[in-house]
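Engineer: Chains as they are written, first to last, in numbering that gives the first Met the number 0: chain A, 0 to 490; chain B, 0 to 74; chain C, 0 to 159.
Hints are supplied without guarantee of correctness; some may be wrong.
[Claimed, not checked] Partial pick of chain C residues on the chain A-facing surface, computed with a CB cut under 8 Å:
no.: 1; residue: 90
no.: 2; residue: 98
no.: 3; residue: 108
[As the list claims (entries may be wrong)] Computed far set for chain C versus chain B, every beta-carbon distance over 12 Å:
no.: 4; residue: 2
no.: 5; residue: 5
no.: 6; residue: 10
no.: 7; residue: 13
no.: 8; residue: 16
no.: 9; residue: 19
no.: 10; residue: 20
no.: 11; residue: 39
no.: 12; residue: 51
no.: 13; residue: 53
no.: 14; residue: 58
no.: 15; residue: 66
no.: 16; residue: 86
no.: 17; residue: 106
no.: 18; residue: 119
no.: 19; residue: 123
If you are wondering where the hints come from, they were derived from the structure by calculation, not from laboratory data. Virtual Cβ for every residue (Gly too), placed ideally from N, Cα, C.
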Amino acid sequence: MQLRPRAGTQAYFRWRAVGDRVLVTNLEGNWLLLTAPEFAQFVEGHVPEDSDLHARLKAGNFLRAHYDVRAAAERIRARKSFLAGGPNLHILVVTLRCNETCVYCHASRANMDQVHTDMTRETAERAIDLVFRSPSPFVTIEFQGGEPLVNFDVVKHAIEYAVDQNRAHGKRLQFTMVSNFALLDDAKLEYLIAHRVQLCTSIDGPEKLHNAQRKLPTQDAHQRAVRWIKRVNEAYAAAGLDPTLYHVEALLTTTRETLPLWKEVVDTYVGLGCKALFLRAIDPFGFADRTRQRLEYPRGDYMQYYRRAVDYMIELNKQGVQILERYASIFLTKILRGEDPNFLDLRSPSGAGIGALAYNYDGQVFTCDEGRMLHEMGDDTFHLGDVRTSSFRELVGHETVRAMTIASNLDGQPDCVHCTYQPYCGTIPSFNHKSQGSIFGRMRESNVCAVHKGIQDYLFEKLAEADAETLAIFDRWTTVRSRDHFVQPAP
Amino acid sequence: MTDVHELRFSRQLYSGEAVDQAVKAFARFAAFDLEQTDDHWVVRMRPENPDLARRLRGELGNHALGLTVQRGGAK
Amino acid sequence: MTTSIEGAPAGLVVADEQAAAVHFLVDEELYPLPAIYGAAYVFIDRCYVFLDRPEPARVRVVLTAKTDAAAPEALRALIGEFANELLSCAFRHQIAQDNRVLVETATMQALAGAMGQPSLDDLAKFDFSDQGFDDPLGIAMSWEEKHGRKSPKPESEGAP
Chain A
0 MQLRPRAGTQ AYFRWRAVGD RVLVTNLEGN WLLLTAPEFA QFVEGHVPED SDLHARLKAG
60 NFLRAHYDVR AAAERIRARK SFLAGGPNLH ILVVTLRCNE TCVYCHASRA NMDQVHTDMT
120 RETAERAIDL VFRSPSPFVT IEFQGGEPLV NFDVVKHAIE YAVDQNRAHG KRLQFTMVSN
180 FALLDDAKLE YLIAHRVQLC TSIDGPEKLH NAQRKLPTQD AHQRAVRWIK RVNEAYAAAG
240 LDPTLYHVEA LLTTTRETLP LWKEVVDTYV GLGCKALFLR AIDPFGFADR TRQRLEYPRG
300 DYMQYYRRAV DYMIELNKQG VQILERYASI FLTKILRGED PNFLDLRSPS GAGIGALAYN
360 YDGQVFTCDE GRMLHEMGDD TFHLGDVRTS SFRELVGHET VRAMTIASNL DGQPDCVHCT
420 YQPYCGTIPS FNHKSQGSIF GRMRESNVCA VHKGIQDYLF EKLAEADAET LAIFDRWTTV
480 RSRDHFVQPA P
Chain B
0 MTDVHELRFS RQLYSGEAVD QAVKAFARFA AFDLEQTDDH WVVRMRPENP DLARRLRGEL
60 GNHALGLTVQ RGGAK
Chain C
0 MTTSIEGAPA GLVVADEQAA AVHFLVDEEL YPLPAIYGAA YVFIDRCYVF LDRPEPARVR
60 VVLTAKTDAA APEALRALIG EFANELLSCA FRHQIAQDNR VLVETATMQA LAGAMGQPSL
120 DDLAKFDFSD QGFDDPLGIA MSWEEKHGRK SPKPESEGAP
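Let the sequences and hints guide you as you build the complete structure.
Structural biologist: What follows is the structure in structure tokens.
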């Protein structure tokens, strides 16, 4: 169809063909899916005032004559509410030692005899002192590694020191631990449950794939993780906690081997009682760089995998199974609710430094965990300071944080600035730096951008289909139920 | 005696301080002679090890460019 | 000996295989100097980058492989990547000017929100000595410095 756009009646909008519809979005993230004739009427300025289309355009703030500046400002303020928040995620890498050897290891692991990569109690205390300098009233301390259970004494000390320090600060304090569970035992589990530590593990799908990618000398990484997932879930239930809300969540890393196993991956997660599955693509950090040729895949293949897996998850939901895809949940919360769930890699500007800090085992502080991994690979671009010598304001006000905040603002990014998905999207400066040589990156050639656009295309296609059951499922995926049990009791 | 290699840095594109600083950074590896013309900062370099001449030229150029960019340009 | 590169504008991009280098004559009307600096800076960890101005409003960019030899395909890939980065930098330069207020406002809010209010210790440690102080309107000047104190009129001699 030949269009003759006539400026003057439309307020600012961006557009993109989605299936047989045209998606239009505006500055504040309102959206409409128009048919081709409706889009033609809109851009040519011939929308009859008494039409349904006019009413929809007016309600969405797409018409210049009816533009509601105050409403637009309120919507933008709601979407950007995270801006004034400050760092709420604090990642403590309590050791680089790890008992598992993963083919894509993101964490630049160390062998079990490398005890010098254990964080000391003193370093943990200094890191936690900085955590409580954050102006954010909510702070989450996430224990990572390596494998954090390898240095469990320091994990325990950090928890007790943080709880003690919080008596003076009164923040909403939470702890999470990302562990492969292989070194868990009854005493450790009892301690973690008693101290309300939220537990998260890694499951790469069915047993054979998991054990091939995450290697233990005993070849039973999957069996061990599964056994402990069940034990943890039983412990939550025994404590009287709602199992739909309190259960182990797991993380997936998608390699080339994962792609044909989309159904098996979903079934594995459902079988383990997980309510969420994050179909994360592999990233270029840690050892994955060396083995990329074997593990990587074209992003077109990834998107086919994503679509099949999420289609299947939607079908399962229609049969009463509760399982959501995390990327979809994040995007849909922004699209359908006009809120930002503050996922640090999917916001503008990104959360590096201003939303999160990563503390390495030796007390070095980084803008993000990926920056910490690059340090282990010899690249100190994202290094901010040291827990012993740097003040909180020096770390967060560091020129690297300022540069990353500017670089990840989509209002300054070619392609993004005109992208229909800009109100819902985000870029990752550390990924851009690693893959394209600058923290700005080039979005047209970026794998992250391809995935973000592909997922949003998929979601808007589903929204255009307007299947009532699917829309109800999507609505449920955007509902955040607070897990208050994991918040430390008020001092 | 090793060959003399000449690099001519445009004064419109490179900061003089950046070129000076770059030369100082590589002083251990070569003898340098600096001259200023209307258009260029001229660096004549006599490397200690002739096999390193190509690399020295390249690294010196990158260093001068990097420092120029960090200073916000030639002026 | 120099040769042209397939797919690149004739006369603007030439490869010097013997030197493992590729030359790109950039028009500053299309690509402003800050964009050329930006793209050049991104490449200094991949190759040797040298800039020259052979004529007004033109910048010659020379990219030289860090190894002695470079296959023609490698040189083509290098200049192709550079051209993409240059275009991206030029566009970003324009966007930065257009959206400066938006980006600066969000950055200020984000950093102020993340850093929180300074403590008394932070203020005590603050080093004011190194701060450039630009005061074009003379706001920081005392009234006397700005306007000059009117000296009392000398009593005229012989006044009544």
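Engineer: Confirm or reject each hint.
Structural biologist: For each hint, the structure was consulted:
no. : hint : result
1   : 90   : holds (4 Å)
2   : 98   : holds (5 Å)
3   : 108  : holds (5 Å)
4   : 2    : holds (21 Å)
5   : 5    : holds (26 Å)
6   : 10   : holds (21 Å)
7   : 13   : holds (19 Å)
8   : 16   : holds (15 Å)
9   : 19   : violated (9 Å)
10  : 20   : violated (10 Å)
11  : 39   : violated (6 Å)
12  : 51   : violated (5 Å)
13  : 53   : violated (9 Å)
14  : 58   : violated (7 Å)
15  : 66   : violated (10 Å)
16  : 86   : holds (18 Å)
17  : 106  : holds (19 Å)
18  : 119  : holds (34 Å)
19  : 123  : holds (31 Å)
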